[in-house]
Structure formats: structure tokens, C-alpha cells
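Taking our numbering, the leading residue of the sequence shown gets 1, the next gets one more, and so forth.
Hint data in this document are derived by calculation from the structure and do not stem from the laboratory.
Treat the hints loosely; a few may be bogus.
[Stated by the list, open to error] Ranges of calculated distance between the beta carbons of each label pair, as one might list FRET restraints:
#, residue 1, residue 2, range
1, A323, D119, 33 to 41 Å
2, D274, Y468, 23 to 31 Å
3, A127, S185, 53 to 61 Å
4, S185, D274, 23 to 31 Å
5, A127, A566, 52 to 60 Å
6, D558, P292, 53 to 61 Å
7, R526, D558, 24 to 32 Å
8, E147, R460, 38 to 46 Å
9, A158, Q402, 48 to 56 Å
10, A323, A457, 20 to 28 Å
11, V141, E82, 43 to 51 Å
12, S155, A323, 33 to 41 Å
Backbone N, C-alpha and C define an ideal beta-carbon position, used for all residues, glycine too.
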Amino acid sequence: MGMRERVLDVGRGASLKRAWGAPRRPSGRAELLFILLIGLSLGIPTLPRREALRVFEIEKGRAWGREPSGPTFQIRARRIVEPPPLDIEHYVLQLTLFPGERRLEGRVTIRGRATAPTDDVRIDLVATLTVARVLLDGAPVPFTHAEDRVRVSASLAAGQTFTLVIEYGGQPTLVGRFPSGMFFSHHSGFPVIATLSQPDGAPTWWPCVDDPADKATADLEITVPPGYVVASNGLLEDVRLHPDGWRTYVWRERYPIATYLISIAATNFVEFSDIYVARDGTAMPLLYFVYPEHLDRAQRTFPVTREALRVFAELFGEYPFLAEKYGMAEFPWGGAMEHQTMTSIGSSALLSVDTIVHEAAHQWWGNMVTPRTWHDIWLSEGFATYGEILFRERMYGADPGQLLRQRDDGLASGRLGGTVYAEDATDPFDDIPAIYTKGAWVVHMLRYLLGEDRFFAALREYGRRFAYANASTEDLQRVFSEFYGASLEWFFEQWVYAPMRPIYAFSWSVQPEGAGYRLRLRLEQRQTHLVPRRDPTRPPVYIMPVEFTLRYADGTADVKRAWNQARHEEFTFLLERPPVSVAFDERGWILKEVLKGES
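Given only the sequences and the hints, what does the whole structure look like? Please build it.
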């Protein structure tokens with residue numbers, strides 16, 4: 001903190017574009033931490049550094065490590081080239097769970113409209129489940145169920161509304177690189193049933209149009225045996241007790257929700273609660289559902305949720321689901337998942353403050369604003385990862401650049417071959433470090449470019465413009481370009497659509513000149529990777545504003561800035577006194593590698 005007070009901080013309240021001037025137009029298309037010190041104030045135990053640094057792995061259960069398999073990739077690949085001409089407006093999921101048989105019986109009602117004339121209504125549902133009958137607008141209709149699709153022969157005009165009911169049942173199966181679908185497991189001998197559908201596990205347990213861009217409202221009516229409690233999205237409106245002791249939990253989600261964010265978790269939960277007070281004084285419940293044997297553990301860490309929502313409301317705008325709630329439910333998986341208004345969190349992550357904060361940030365970035373396609377998943381994961389950084393910065397004064405540099409995921413050492421923009425939408429989590437941590441670096445560097453005020457204004461406008469809807473990478477670029485005052489195409493080309501990062505070699509010298517001194521700063525880019533979409537023969541040149549921190553014998557410091565736009569570049573400054581040291585990008589605004597002995 002002391003260093004920030006002594007130097008001119010262009011990241012605070014001033015646009016770098018104004019401070020430095022715009023860069024020359026590129027030729028062609030230019031391309032943890034202190035570990036849980038919150039424990040000192042909240043009594044939260046310290047985690048090992050290694051655990052804190054692998055939140056991006058914990059969140060999506062990377063430890064499962066399974067290869068892509070099963071119908072999941074068939075479903076997604078077809079939807080990319082063959083989206084159905086339907087706009088779904090509301091789902092009603094009426095499910096009965098049979099834990100002992102690992103089976104469900106369901107009736108799902110789908111209300112929507114045709115966006116274009118069609119005589120082929122298609123709904124995603126894996127073929128391992130059995131469809132008993134289908135009704136269209138109340139009447140039984142013929143259907144086929146093959147290749148993980150339920151097809152109904154019906155003629156719909158553009159704009160015509162419809163109500164489709166599918167009755168089905170069976171034993172759900174898990175699919176995908178990181179298993180998704182409906183889980184049947186146990187904790188301390190008691191069965192637990194839970195779901196995780198990202199990216200495309202929803203059709204493994206309920207029929208839907210499984211497209212993240214087709215958000216709808218939803219009712220979930222989940223019937224379970226005696227002794228079970230069900231946690232889900234939205235508000236709990238009713239619990240119906242049946243004569244045989246079974247119960248139906250009725251949850252209603254009135255905000256638009258993507259299919260992969262709809263979830264249920266059921267076991268012998270114990271519950272506890274908290275209150276979040278919004279900026280306008282509105283009190284909203286925080287509801288927590290955990291296994292009885294883990295109650296004490298959760299009560300020690302979950303209070304950080306309230307603080308995370310407060311910090312994010314100040315930075316991003318008010319919590320987006322204030323009329324409902326926020327909650328967390330423990331589930332049998334290796335990490336956590338940001339289900340809308342009800343995060344699912346694995347037992348191994350209950351003590352991870354970073355995971356709790358990450359999932360809270362997703363309520364804005366991922367849930368309120370949902371990626372338009374799986375190419376754009378970094379808009380969810382990169383933003384939520386940066387949410388962890390912002391939280392620690394705002395709560396404890398941690399340095400955001402230092403926190404990002406401490407991420408031990410291979411970014412700085414060059415093991416980053418994928419792009420932030422997921423080129424293969426059939427496998428969006430193929431390169432987790434790229435979409436999580438490099439994605440967070442992209443957000444960090446946008447903050448650097450725009451300056452503090454413009455960055456957060458742009459972020460809030462991005463959230464406002466696409467609230468309860470979907471956004472693409474192009475949408476984000478458009479909004480931030482507006483606030484930057486010029487096109488950011490060059491920035492997105494080199495950081496989002498291209499792999500890797502720059503490698504710098506830096507040296508300096510100072511000589512007397514007249515009554516003062518001339519400082520020479522030499523910066524060389526030595527990366528050797530190629531970006532075929534830009535130039536298949538020569539390594540790219542990264543165009544970025546750069547900072548040099550000068551320290552003097554009396555302990556004071558100054559920062560000099562310039563635009564780096566060439567592979568070999570020298571900057572000169574006339575000074576009144578000579579520095580005793582010069583550091584390149586000391587505050588860590590740029591994702592990079594600096595060659596040892598040359599910084």
C-alpha cells in the first residue's frame with residue numbers, strides 16, 4: 001500500500017488513454033496470495049497455499065479428470081450448427097426422486113413460441129431416459145426419441161405460442177469431461193441426490209432446449225422420500241406433505257435462468273441462515289443447506305458470503321436477484337457450481353473462502369449476464385476469478401497484480417497454449433487456466449487501460465445493458481470501447497483471441513546530461529510463439545502501455561509511462577536526479593514473463 005501512495009497512480013480516477021495518448025494504429029489486426037487472513041476476523045481456519053491457488057480447479061472439479069465421452073458432445077455439436085427455432089419462456093419441472101433406485105420420474109411442461117415457421121419441434125433429452133408420452137397444447141401427439149432429441153411433428157407459425165408436456169423417467173447418467181448431470185451418492189450413510197449441468201448435462205435429467213442463450217423462468221416441484229430436504233433456485237413457496245410421508249418442495253425462479261443453472265440438491269440437510277442488507281435497506285435471506293456432520297465447518301466460513309455480496313454490490317451494482325435470495329447447498333462433487341441463487345458447494349470446498357467468493361461473483365457474471373455461447377465462457381469464469389481478486393483488494397488491501405501473479409497455473413512460465421475465447425465450443429473447458437486466470441488477467445488489463453473510474457463505469461454498464469440476458473465477447477468489447485473512447489479491437493485480438501503472453505527483456509542506464517540526467521529504458525519482446533490468424537511466419541508484437549518504477553536514494557519513487565509498440569524499443573527521459581533502481585511493470589498490470597536477470 002505504501003508504494004501506491006508514493007507513486008502517481010494512473011489506475012485511480014484517470015484514463016490511461018488520456019494520460020498517454022492513444023497508441024499508433026497497429027498495422028493489420030493487432031493482436032494465493034496471503035492465505036485466508038480473513039480467519040483473523042471471522043475465525044476461519046487458514047488453508048494451505050496450494051489449495052487457495054487452485055480455486056479455478058476446485059470450482060469445476062478438475063480432479064475428476066475424465067475425458068469427454070457419452071452423448072454430451074453429440075448434443076452440443078448438433079446445437080451449434082442446428083439451433084431450434086424456439087424461444088422457451090417457462091419450464092415446470094415436476095420430478096419424483098427414488099434415491100434407492102437411482103431413478104426419477106418426471107413431467108416437464110415447456111411453454112414457448114416459435115421464432116420461425118417450423119414443422120419439427122425438437123427438445124433435448126438423452127436417449128437413456130424413456131419418454132412415456134408427449135402432449136402438445138393439451139393433446140397427445142406422436143413423437144420420436146433418438147439421438148438425444150425428442151421430436152414432435154407439429155406445424156408452428158412464426159410467433160405462435162405452444163405448451164409442450166413430456167412425461168418420462170429412468171436412471172440419469174453422467175456425461176462429459178467434468179461429469180455433469182444428476183448425481184446419486186451418500187454422505188455418512190445417507191443418500192444424497194444433486195445436479196450439476198454445466199455445460200450440457202441438463203438433458204441427462206430433464207427435457208429442455210439446452211442453449212445458454214435461451215433463458216426462461218422456471219418452477220421446480222420436487223417430490224422426495226421422508227427425511228429429505230430439497231434446495232433449489234428461486235424462492236421456496238410451498239412444502240406439501242403427502243399421506244405416505246413424502247414431501248414435495250415447490251421452488252419458483254422468477255428471474256430468467258439458463259438451463260445449465262437450474263439445479264436441485266436433496267438429502268437430510270440441516271439449515272441455517274443469515275441476512276444480506278442491500279444498499280437501499282432491503283433485507284434478503286441467505287439460506288444454507290449442509291450435511292449435519294459439516295454444520296460447524298460451514299458456520300465458520302459461510303458468513304463471508306454476506307461481505308462478498310456487499311463488496312460486489314458496491315462495485316458491480318446491487319445483487320441481481322434481490323427479490324429472491326442467495327444460498328448454498330452442499331453436494332457430492334469435487335468443487336462448486338454457481339447455480340442461480342443457490343450455489344452448490346462440495347464438502348472439500350466448504351472452508352475455501354476464495355471458492356465462496358468466486359461463486360458469489362458469478363451471480364452477476366454468469367447468472368445475471370450469461371455467456372451467449374460456450375465460446376464466451378470466459379465472460380463468466382474470468383470475471384468471477386477477478387471477483388476473488390477484487391474482494392481481497394477491497395477487504396484487506398491486497399495488491400491485485402500480486403494476487404494474479406501468485407496464481408500457480410503455468411501462465412507466467414509459458415504453459416498457456418489455449419485462448420481466452422474458447423475456440424472449440426464443444427469442449428469449452430479444454431483450457432481452464434486460459435478461461436479462468438488469463439480471463440481474469442484480461443479484466444485486470446482492461447482496468448489498467450481505462451483507469452479506475454471508467455473501468456467500473458464500463459463494468460456496471462455492461463451489466464445493466466445485458467442484465468437477465470446474454471452477452472458475447474463482441475458485446476463486451478463494444479461496451480468497453482465506448483468507455484475507452486476508441487476501438488479496443490487491437491487489445492481483444494492479442495489477449496482474447498490469441499494464445500500465450502509476451503516475454504520481455506528489460507534493461508536501463510542513466511548518464512549525466514547538462515544539469516540533469518538522461519535515463520534510457522530498453523524493452524525487448526522475445527516471445528517466439530506464432531499466431532496463424534495474424535501472421536503465420538513471425539511472432540506477434542504486443543501493443544500495451546507500460547510502466548517503469550523509478551526509485552531514488554531518499555526512498556521516494558516515481559512512475560514513467562510509455563506505449564510499447566515494437567519488438568525492440570528504447571524510451572528516454574530527462575531527470576533532475578538519477579534513480580538507484582528501475583523496475584518494469586512492478587505493480588503487475590500486464591500478464592507477461594520477464595526473463596530473469598533482465599528486469
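Sort out which numbered hints this structure fails and list those numbers smallest first. 3, 11
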